[in-house]
Each structure stands twice: as C-alpha cells, then as structure tokens.
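Chemist: Protein sequences, first through last, are from chains A and B. Numbered per our numbering, the first sequence spans residues 307 to 446. Numbered per our numbering, the second sequence spans residues 307 to 446.
Calculated directly from the structure, the hints in this document are not laboratory data. This structure is a prediction, so every number in the text was calculated from the model and none was measured. Take these hints with a grain of salt, some might be off.
Here are the simulated DSSO-like pairs of lysine-lysine, each with C-alpha atoms no more than 27 Å apart in a straight line [claimed, not checked]:
hint: 1; chain 1: B; residue 1: Lys364; chain 2: B; residue 2: Lys421
hint: 2; chain 1: B; residue 1: Lys391; chain 2: A; residue 2: Lys440
hint: 3; chain 1: A; residue 1: Lys411; chain 2: A; residue 2: Lys364
hint: 4; chain 1: A; residue 1: Lys391; chain 2: A; residue 2: Lys421
hint: 5; chain 1: A; residue 1: Lys440; chain 2: A; residue 2: Lys375
hint: 6; chain 1: B; residue 1: Lys411; chain 2: B; residue 2: Lys375
hint: 7; chain 1: B; residue 1: Lys364; chain 2: A; residue 2: Lys391
hint: 8; chain 1: A; residue 1: Lys440; chain 2: A; residue 2: Lys391
hint: 9; chain 1: B; residue 1: Lys391; chain 2: A; residue 2: Lys391
Rough simulated footprint, nothing fancy, chain B against chain A, three-plus residues with beta-carbon under 8 Å [said to hold, decoys possible]:
hint: 10; stretch: 325–331
hint: 11; stretch: 345–351
hint: 12; stretch: 381–390
Yeah, the Cβ is synthetic: ideal placement off N, Cα and C, and Gly gets one too.
Protein chains: 2
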Amino acid sequence: MPSTGKGVRGERELINLLWSNGYAAMRAPASGAASRTPRPDILAGNSALRRHLAFELKVTHKKAIYVSKEQITGLAEFARRFGCKPYLGVKFTANRQPWIFIPVKRLKSASNSFKVTPEIAAEDGISLESVLGKQTNRSE
Amino acid sequence: MPSTGKGVRGERELINLLWSNGYAAMRAPASGAASRTPRPDILAGNSALRRHLAFELKVTHKKAIYVSKEQITGLAEFARRFGCKPYLGVKFTANRQPWIFIPVKRLKSASNSFKVTPEIAAEDGISLESVLGKQTNRSE
Chain A
307 MPSTGKGVRG ERELINLLWS NGYAAMRAPA SGAASRTPRP DILAGNSALR RHLAFELKVT
367 HKKAIYVSKE QITGLAEFAR RFGCKPYLGV KFTANRQPWI FIPVKRLKSA SNSFKVTPEI
427 AAEDGISLES VLGKQTNRSE
Chain B
307 MPSTGKGVRG ERELINLLWS NGYAAMRAPA SGAASRTPRP DILAGNSALR RHLAFELKVT
367 HKKAIYVSKE QITGLAEFAR RFGCKPYLGV KFTANRQPWI FIPVKRLKSA SNSFKVTPEI
427 AAEDGISLES VLGKQTNRSE
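Build out the structure end to end from the sequences listed, making use of the hints.
Modeler: Okay, structure coming up:
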C-alpha cells in the first residue's frame, strides 16, 4: 500500500477511473492494519465484461520502482484463489506517464525484488483501456 | 464498517474462515477514509467454485440490528457492478449465535432502515457453510 500522498491520490484516481468505466472497485485498508493474508491495493470487477482485476500499485517521481518478491507472490496467490487477473500498476510522475499495467506473469525478478523502469513498463505493460477490456479507437 | 472492537474482531474472524475455506478475502478501509463510492465490508472470491461474495457485516449484543437503506442499496449496487452475491452478515453475540447471512433480496425494509432480529435471521438467513458453497454433512 502507498503510504505517501501521491500514492493515495493515485489510488483514488484509479478507483474513479474504474467506476466511470462500469467497474465496482475497492481499496485495501492502510498497511498499518494487522493482516496475515495477502491482498491487492485495489480489487475491481465488471459483471457485464466478466472481468475481475487485482492491482498492486506504485507511483513514483524516481526513475525506477522496486517491488518485493513477497508482494508479487502474495498478489499472485490472492488472484489465483479469488479468480481475477493480477497486475502491477505503475505511474512514473516525473515522465508524466499515464498508468501502465504489467501482467504479473511478465515481471522479471532480480534477486529479491522486481525492478520496473519507464522503458520496461513501455515494453511489457499495457494501457488502462486494455486492462479494462475497452476497445481503443485512437487515430494517432 | 464496524467501528467497535467486536465488529473488527468479527470481521477478522470471518476473513480467517474464508481463507481457511479456499477463498481469498479483503476488508474495506475504515469508514473514516474519504469515499464517494459504495463498498462492502468484505469482498471474497473462490475461483474453484466460481463464487464471489460481498458482505455488509453487523455484530451486536442487542436484540436487533438496524441497517440503513442507503447501506443496503450501496451494497446491492456494488454487487451488481462487480458481479458477486450481496449478503448482510449478522451475529447476535448475546445469543451466542454463529454468523448468519441474509441475501440482500430477502431483506424487508421498514421506513428508512432494515431491522433484523435473531428470529428474522433464523428464518431468512443461511449458514456460513451455505454461503461458502460447501456441503454440510451434519447428522444432528
């Protein structure tokens, strides 16, 4: 869970984007709460599209994001049990990039963490529209 | 969301019961967090059973529980969008009753709230085993 202002703002922004696209979405409690079970930062579903999504989210001004193996393993385990697709959502605010979502299976680990740069996100990630299952009709 | 100790304990107990029965489950943040979108107290899923559940939960020592129409409407709306079954879970601790779950459609409203007594719960509610989709093989 993000403990910073930009992390919380990023989560709320994504919750609103999900709702305005026909999804129901819920945030997890702050990480301070005692919990022995893994959980995503956001869990969302769209019954019409039969699509259920679990997100771990990272927002940063830096040039790279590191996510622990434990967090990704927990996210994958939650998704496997729940019945939803797990994604790492990243937002590099220094580059003014929009949210990019990397399917957990595509993440490459280095030692005890996963490193994601804007370049890696651009190569392995997909757009919000793709995650939501919407068609993109962009001419540019 | 429960703001009391017994409410939080009840939620954690249910989270643990869900996990030990093959579900993944997540609690909502404390009600203090700003939120303009409805959400259940607990959202749970079991991919093997293709079952997704949303719970509003009430634990009380009193003889009746009152839930606002707004809460139930929000729960139903969340469930319709997400694609899960909405339940009001009640626990009357004075009677030492276990959790009983009332499908939202069975709730009967009186003016601006829904009133549930142990008798109403016994008549309209179902057991945890039924909600989880487990077979009950009890001889008694």
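Chemist: It remains to establish, for every hint, whether it holds in the given structure.
Modeler: Now the hints, each set against the structure:
| no. | hint | in the structure |
| --- | --- | --- |
| 1 | Lys364/B to Lys421/B | 12 Å, holds |
| 2 | Lys391/B to Lys440/A | 25 Å, holds |
| 3 | Lys411/A to Lys364/A | 17 Å, holds |
| 4 | Lys391/A to Lys421/A | 20 Å, holds |
| 5 | Lys440/A to Lys375/A | 30 Å, violated |
| 6 | Lys411/B to Lys375/B | 12 Å, holds |
| 7 | Lys364/B to Lys391/A | 31 Å, violated |
| 8 | Lys440/A to Lys391/A | 16 Å, holds |
| 9 | Lys391/B to Lys391/A | 20 Å, holds |
| 10 | 325–331 | holds (count 5) |
| 11 | 345–351 | holds (count 5) |
| 12 | 381–390 | holds (count 8) |
Going down the numbered hints, you'll see the structure goes against 5 and 7, while the others check out.
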